[in-house]
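Produce the complete structure using the sequences and hints provided.
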Amino acid sequence: MFSIIIPSLNNLNYLKICLESIKKNSKFNHEIIVHVNIGSDGTIKYLKENKIKFTYTEINSGIPKGVNTAAKNATRDYIVYAHDDFYFLPDWDTIFYEEIKKIPNNLYYLSGTMVQNGQVSLDCGSDLESFDEIKLLKEYRNINYHDFQGSTWAPHLIHKNTWNKVGGFSEEYFPGTGSDPDLNMKLWKLGVRIFKGLQHCKVYHFGSIVTRKFKDKSIKTESGSKGDKIFLKKWGFKIKFFTKYYLRGCVSKNGKLYCYEYDGPLKEPDKNFSYFSNLLLNKLVYIYQKIINL
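Here the numbering used here is used: the first residue of the sequence shown is 1, the next is one more, and so on.
Misleading hints may appear alongside valid ones.
As the list claims (entries may be wrong) - Using C-beta positions, here's what the derived DEER-type ranges look like:
id, residue 1, residue 2, range
1, N13, D263, 18 to 28 angstroms
2, L137, L284, 26 to 36 angstroms
3, S40, R141, 30 to 40 angstroms
4, K253, K16, 27 to 37 angstroms
In short, the hints are calculated from the structure, not lab data.
The beta-carbon is built from N, C-alpha and C at its ideal position, and this holds for glycine as well.
Below you can see the structure in the form of structure tokens.
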């Protein structure tokens with residue numbers, strides 16, 4: 001059914017849980033392709049033993065290049081991008097498939113809902129040692145949310161033809177921050193207006209495991225504001241401007257993530273005073289960065 005692309009960076013124990021959850025909780029038979037960055041923790045050996053397809057770079061190639069490399073080997077019609085610290089909950093793929101059947105073309109970007117470190121909260125552990133799978137499987141259906149507008153996050157699903165038309169992720173966003181909204185911007189330019197998060201397609205997200213593991217150490221995993229600067233230079237405004245005025249995406253309120261309820265395909269943003277005043281501020285920052293050559 002789907003080609004599930006999972007980039008991984010020396011994170012075998014979480015990757016195992018992710019792969020096992022896909023096997024256990026999927027209705028359909030999916031193609032899984034892991035991109036292994038470095039893989040000095042036994043990841044390659046594990047994938048070979050379990051006959052799981054993978055691509056490999058001996059260095060940390062970053063998420064965009066890793067995903068693009070793996071996606072070139074995809075044989076299914078749909079590309080699902082996932083993190084290696086996801087636990088896929090039952091019915092996730094059925095929900096995606098039922099939504100796809102409602103859309104008459106390939107111009108869409110569908111996303112799931114992240115539990116714990118994402119849109120909704122259900123504490124079943126912050127790491128593998130504290131992970132309570134029994135509690136998660138018992139209680140996740142009781143979490144009430146809504147289909148939401150303007151998603152830019154994994155797990156996401158795109159038709160392979162659409163993915164190829166926009167060239168997948170843009171690899172200048174190494175190691176990854178900013179690549180998701182950039183992909184959405186390219187899809188917007190292509191004519192995509194359905195950016196929909198599905199409330200019942202759920203994954204448990206342990207949350208930035210690799211980033212936490214290697215923070216302040218030799219392996220670079222986050223790019224901070226670098227991604228926003230690249231986005232501004234490329235598109236003429238910042239990521240926040242794009243997600244607010246074009247995608248009507250999720251916002252942080254009082255430390256919690258709030259996502260607007262999905263109300264249909266998006267339209268061109270309202271060109272009101274707020275839009276133009278914020279656009280002007282973005283252009284001034286753009287000019288300033290160009291002058292100092294950031």
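Against the structure, the hints:
Evaluation of the 18 to 28 angstroms hint for N13 and D263 yields a failure: the beta carbon distance comes to about 41 angstroms. Take L137 and L284: their Cβ atoms lie about 51 angstroms apart, and the range 26 to 36 angstroms is violated. Range check, S40 to R141: about 39 angstroms between beta-carbon atoms, so the 30 to 40 angstroms window is met. Separated by about 36 angstroms at the C-beta atoms, K253 and K16 satisfy the suggested range of 27 to 37 angstroms.
In summary, the numbered hints that this structure violates are 1 and 2.
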